[in-house]
Amino acid sequence: MPDTKRQPKQRSLPEAGQMADRVAPFALIVGIVLTTVGFFLAFFYAAPVNGAEVYARDAAGNILRDSAGNALPALEEIGGQLVSNVLLISQKIFYFHMPVALVSFLALAVAAFYCVRFLMTKQQRYDTCARISMEIALVFVICTMITGEMWTRFEWGVWWTWEPRLTTYLILMLVVIAYFVLRNALDDPERCATYAAVVGIIAFVDVPICFMITRLVPSSVHPVVLREGGMSADMGITLVLVLIGMLCVAFALYRMRFRQVRMQERVEALKAALDEE
Amino acid sequence: MATPSTFRQYKTLLVKDVRQEFRTKEMLTSMGIYALLVLIVYGAALAQTSNQLDILQMSGGLLWALIVFTSLLGLNRSFFAEKEQGCIEGILLAPLDRSVLFLAKATSNLLFLIIIEVIAVPLFWFFFLTTTTPAETFPLMVVPLIVGTIGVAGVGTLLSTITMNTRGKDVMLAVLFIPLIFPLLYACVSATTAVLVGGDTALNTFMLSLVLAAGYDIIMVLLSWVLYDFVISA
Amino acid sequence: MEYAIEARKLSKSFGGRKALSEVSFSLPEGAFLSVFGHNGAGKTTLLRILATLARPTGGSAKILGYDLKEEAENIRSHIGLISHAPMLYPDLTAEENLLLYANLYGVENPEARVKELLKAVELKTRRMDTVRGFSRGMKQRLSIARALIHNPELVFLDEPYSGLDPHAVEIFDGLIQNAREGRTFVMVSHDLAKGFALCTHALVLSRGNVVVFEEKDKLDFEAFQATYSKTVGLGVL
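Residue numbers (numbering that gives the first Met the number 0), protein chains in the order written: chain A, 0 to 276; chain B, 0 to 233; chain C, 0 to 236.
The following block holds chain A by itself, in its conformation from the complex (with noise of 0.2 Å):
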């Protein structure tokens, strides 16, 4: 009923396709295109770098070289398993595993905000935001957990280990997926949000706790980047690019996912409209 849609009766149904969402697909095409540069960058731009400073050291603490004059590999205990430090394209990921996680933190943030704007408000709209804000959230969540594999498993040479924030960040996984799990066992719309918003905002206590516990534990394996030296230039670059290129990506499928939702939910509202007439 295209003609009856002007009618104020109508406004209070579910909408979607602001600015935002014409700005969508370009976002994702930016995306995609600045991934990709940065994913170039990192292979033939960037220095090639050791994770872990893992050398071999003399009794006075310098680095033991070989006579071509590079530093000599050597076992580091890390997680009760003795590590083996090679100078490895391994580190590669770390442009792609510090972005990704950072949006995740990010799209946690968001869904929170959603989940406290849900609970002031009680509008669908809100509760909507916030549940494909934690879509997006566990999807980097589990990039992050993919690439934080791969990165434990060619640098640290061990496939797990109860690491501090290794641990807070399975744990965080655990509870956006336990959010979801939650939204499934319940029947009533109104409850199902409600109790699905203080599900997302006690859920994102967990994030702070992960983001700081490398600066708290200081036997933590994961570097703090920032405050041991920082980068070079071209190491930032590349990072920056992947971390904006990741950015975009985010916004472009949340944006794409929640227009899908909320379609889905004009179209329910039109089918109680007419059944009611």
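Wrong hints could be hidden among the right ones.
[As the list claims (entries may be wrong)] The calculated lysine to aspartate or glutamate pairs, modelled on EDC-like cross-linking and capped at a C-alpha distance of 20 Å, are:
#  : chain 1 : residue 1 : chain 2 : residue 2
1  : B       : Lys82     : A       : Asp186
2  : B       : Lys82     : C       : Asp90
3  : C       : Lys68     : B       : Glu88
4  : C       : Lys68     : B       : Asp96
5  : B       : Lys10     : C       : Glu94
6  : A       : Lys121    : A       : Glu14
7  : B       : Lys10     : C       : Glu107
8  : B       : Lys82     : C       : Glu158
9  : A       : Lys121    : C       : Glu21
10 : B       : Lys82     : A       : Asp187
11 : B       : Lys24     : C       : Asp128
12 : C       : Lys68     : A       : Glu189
13 : C       : Lys193    : C       : Asp164
14 : B       : Lys10     : C       : Asp90
15 : C       : Lys118    : C       : Glu180
Just so you know, these hints were derived from the structure itself, not from any lab. Predicted model, so just to flag it, every value in this text is computed and none were measured.
We have chain A already, so just place chains B and C on it with the hints.
Below, chains B and C alone, put in the same frame as chain A:
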């Protein structure tokens, strides 16, 4: 007829929970038996360890695993009576602040958990630690037990209110409760193990872990308290 | 005339789903309102909103002169609800259950009040027994005592007859008749004949909208029944 003071309402609700529990002993017996069963399973699991130090180092973790699983069982039951004949609605109809309800329920849960711990911890000791020599500092383990139990009761009360209305509530509570309680669990295990094993840095680790656990308690219990109104009214 | 309930465009919706849309009516003090409607018409939603158990998304209402949104606490100490669920703790005795509610409401001299009510609902001899052993009818009688413990001016009845045998219904009706004095009642029911017999005002909801709101004296049961079947569609009778 004036609305009674908040404290009187709190006391009324608490007395109701305690009286009901002591009459049926549903929560306490099921938790107690479950704790005993977990200990028996531990017996089989640890039968092959010969080194005494191993047991001592694992004891903090084993004790907390026992507490977490037992309290999960108890928390699941804590809203059973409220839901059974719609009592929770009757309580919500009374002119009382919703946070009073949270505090009363959290207090009664805390009380029941402490009763179970008073039974289970000595039993654990009896079964596994009498052959070992714990460090002198072992009485300090009471502190992480109390701090941890407060957090478990606070967060658990909020989560069991949420899960009482869900399908498959038993699993649902575990799915929400265990990840959310994890940081607290981690800190409490580290504090308990530190005082049991002893050593030079034990007290430092103990203090740091306790501070973390207490911080978590404060944040989570406050958050649960604030959010309880939304949960119970939904 | 004083109104016990003044509802102005009360609505409740979530997303596109409307449970109630702009329900308005005024109920004078001392009246007995029966709310009719098929399943999902919004009867229970309306009752829960008026009893402060749910929040409306739009509109306003005054209950006993208090604003529904701003003064919910005040409203709560003046209303009672008898539902199909007895809202009694099965492992506490009849007396303990009533004392619990008396203390929550801050009733003066609770013991005397509880004794008086137990006598009124004819459960005095069973006061030391736990509610678990009670029959459905006895539970419902005790439930009346629970709802009236703080002497509310407005009493809600939510399908109170479900699960009661004819004898229990008779006793229940008698107790409700005794409690009518000086109180306003709102009852939600499927049972058209029963609800119509008791009420002074009738309200019919269909899909969240008010179809009929009228004093009973102005309604003829046969005609009302016909309109009800027609507007509501599905014959619930």
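Consistency of the hints with the structure:
1. The straight-line distance between the Cα atoms of Lys82/B and Asp186/A is roughly 17 Å, inside the 20 Å bound, and the hint therefore holds.
2. A hinted pair counts as satisfied when its Cα atoms are at most 20 Å apart, and Lys82/B with Asp90/C qualifies at roughly 13 Å.
3. Restraint check for Lys68/C and Glu88/B: the C-alpha separation of about 18 Å stays at or below 20 Å, so the hint holds.
4. At most 20 Å may separate the alpha-carbon atoms for a hinted pair to count; Lys68/C and Asp96/B meet this at roughly 15 Å.
5. As the CA atoms of Lys10/B and Glu94/C are separated by approximately 18 Å, the hinted pair is consistent with the 20 Å bound.
6. Of the supplied pair hints, the one linking Lys121/A and Glu14/A holds, its CA atoms being roughly 17 Å apart against a limit of 20 Å.
7. Our distance criterion of 20 Å between C-alpha atoms is met by Lys10/B and Glu107/C, whose separation comes to about 17 Å.
8. Note on Lys82/B and Glu158/C: the hinted pairing holds, with a Cα-Cα distance of about 18 Å set against a maximum of 20 Å.
9. For the hint linking Lys121/A to Glu21/C, the alpha-carbon distance of about 18 Å falls within 20 Å, and the restraint holds.
10. The suggested pairing of Lys82/B with Asp187/A holds, with an alpha-carbon distance near 17 Å, which does not exceed 20 Å.
11. Distance restraint check for Lys24/B and Asp128/C: the Cα-Cα separation of roughly 17 Å lies within the 20 Å cut-off, and the hinted pair is therefore satisfied.
12. Between Lys68/C and Glu189/A the CA atoms are separated by roughly 19 Å; this keeps the pair inside 20 Å, and the hint holds.
13. At most 20 Å may separate the alpha-carbon atoms for a hinted pair to count; Lys193/C and Asp164/C meet this at roughly 14 Å.
14. A threshold of 20 Å between alpha carbons decides the hint, and for Lys10/B with Asp90/C the separation of about 19 Å falls inside it, so the pair holds.
15. Between Lys118/C and Glu180/C the alpha-carbon distance is near 18 Å, which keeps this suggested pair within the 20 Å criterion.
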